[in-house]
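Q: Read off the chains here:
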Amino acid sequence: ETGVTQSPTHLIKTRGQQVTLRCSSQSGHNTVSWYQQALGQGPQFIFQYYREEENGRGNFPPRFSGLQFPNYSSELNVNALELDDSALYLCASSSPGDTQYFGPGTRLTVL
Amino acid sequence: QQQVKQSPQSLIVQKGGIPIINCAYENTAFDYFPWYQQFPGKGPALLIAIRPDVSEKKEGRFTISFNKSAKQFSLHIMDSQPGDSATYFCAASRPNFGNEKLTFGTGTRLTIIP
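Those protein sequence lines, which keep their order, are chains V and A. Throughout the first sequence, residue numbering follows the numbering used here, covering 935 to 1045 in sequence. Throughout the second sequence, residue numbering follows the numbering used here, covering 158 to 271 in sequence.
Bound conformation, chain A alone (with noise of 0.2 Å):
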């Protein structure tokens, strides 16, 4: 049961575009939503988390949207450079002292073309 779905699956950009993916979550028993960026050959690092007390949370280029009733958030990139040409992983988890299990989405492939 796939609890975290993400689209799309792969998105190109041009620099200086805004690319947008976004995320669903079915259990509303999850409090915690962060994004990684991952290049090939790395794990995965932590871009950006917001959890569901607010709506909107910016740090630098990145931007997450959450809309709780929808059960849905969103990642957005600033002023995109080629750089940012990496997959993205949206995740959930539950509050659960020292069990905070990670469900990650499937993934979105993101080229920014020059």
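The shape of chain V in the complex, shown without the other chains (with noise of 0.2 Å):
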């Protein structure tokens, strides 16, 4: 078991609205990444966070944002949700340059 936290665990929402999701990274790690997960898909990179400052996009739109506070814990919104967006939200803590440790990650229906 890593030390990175997610909640929730489950999440259903219907087309349209919006969702946040959130991480804690594990101790003495200032980076954090997000990745989607389609099912029977390899995670697919959508950004990263390192000192509270956006560093590094994957090929995702706009509406998909995040935040990265000062105890380095981050958020991942996403705005007008489609249903492709139904997949395992996980996110990755690490120090710069090293291994990235996962967590348990989020799974996000869109009905």
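The reader is advised that the hints may include incorrect statements.
Derived lysine to any residue pairs resembling SDA-like cross-links, with alpha carbons at most 25 Å apart [claimed, not checked]:
1) K199(A) to L1045(V)
2) K199(A) to S1020(V)
3) K199(A) to N964(V)
4) K162(A) to N964(V)
5) K199(A) to T943(V)
6) K228(A) to G992(V)
7) K199(A) to K228(A)
8) K199(A) to G992(V)
Some but not every residue of chain A turned toward chain V, in silico, with C-beta under 10 Å [unchecked claim]:
9) P176
10) P201
11) R266
Far from chain V, some chain A residues (derived; all Cβ distances over 12 Å) [claimed, not checked]:
12) L168
13) G174
14) R218
Calculated directly from the structure, the hints in this document are not laboratory data. This structure is a prediction, so every number in the text was calculated from the model and none was measured. In this text, a Cβ means the ideal position worked out from N, Cα and C, and glycines have one as well.
Quick one: dock chain against chain with the hints and give me the complex.
A: Written out as structure tokens, the structure reads:
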């Protein structure tokens, strides 16, 4: 078990709604990365936060946004939810240049 | 564009056998190659990782073989057990301080038969 926690575990939303997912990083880590894992696929990089600044972004639209707080915890916000946003959302914490440790994920279902 | 290709998609091996999972990459700037194990309903857990300056790395029953010229790497699981049944992902990242995004393969669902 890593020290990375995510909440909530599961979430059901309807199309067009907004959602906020939360991640607490492992002690000593100042970098948080978010990934989207569709069913049967590998995780896809959304973005990374380092010391409260976005520090890299994957091929996701602007309705995917995030924050990192002074204690290095992080939020992922998704606006105007679409059916294809249904996935497992993973956060990973790390120190720069070091291994990424994943949390258990939040399963988002969009109806 | 899929930068890390993984095969096979699924694999069934008898207990004690040696499953082998293969990955190939395109971007020669990649310099870190981890393997993750994922059980249903859980996040990926790091198994073992390698950098291109070595051709092989062993940790317990898990071995990575790395061929830099062919841009390929593989995971071998020695003396496989039913508890090893999981989905395995290879991944790769570039050296970019503070921005080491992982590019994952599509995964291999491994089943070990008792």
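Q: Hinted pair, alpha-carbon criterion (25 Å max): K199(A), G992(V). Please report holds or violated.
A: Distance of about 23 Å is within 25 Å: holds.
Q: For the pair supplied as a hint, K228(A) and G992(V), is the alpha-carbon distance within the 25 Å limit?
A: 23 Å, holds
Q: Starting from K199(A), check that the Cα of T943(V) is at most 25 Å away, please.
A: Within the cut-off at roughly 10 Å; holds.
Q: Hinted pair, alpha-carbon criterion (25 Å max): K199(A), S1020(V). Please report holds or violated.
A: 16 Å, holds
Q: Does R266(A) pass the interface check with chain V, least Cβ-Cβ distance below 10 Å?
A: 9 Å, holds
Q: Per the stated criterion, does the least C-beta distance between G174(A) and chain V lie above 12 Å, as a non-interface residue requires?
A: The claim stands: G174(A) keeps its Cβ more than 12 Å from every Cβ of chain V (closest is about 24 Å).
Q: Given the proposed pairing of K199(A) with K228(A), does the C-alpha separation stay at or below 25 Å?
A: Violated: K199(A) and K228(A) sit about 30 Å apart, past 25 Å.
Q: Next pair to validate is K199(A) with N964(V); report whether the Cα-Cα distance is within 25 Å.
A: OK: K199(A) and N964(V) at ~23 Å, within 25 Å.
Q: Would the hint linking K199(A) and L1045(V) be met if the CA-CA limit is 25 Å?
A: Given pair K199(A), L1045(V) holds - Cα atoms ~23 Å apart, limit 25 Å.
Q: Given P201(A) as an interface hint, is the shortest Cβ-Cβ distance to chain V below 10 Å?
A: Cβ of P201(A) sits 5 Å from chain V, so the hint holds.
Q: Regarding the pair K162(A) and N964(V), is the alpha-carbon distance no greater than 25 Å?
A: Not OK: K162(A) and N964(V) at ~30 Å, beyond 25 Å, violated.
Q: Please verify that the nearest CB of chain V lies beyond 12 Å from R218(A)'s CB.
A: 20 Å, holds
Checked against the numbered hints given earlier, the structure breaks hints 4, 7, 9 and satisfies all the rest.
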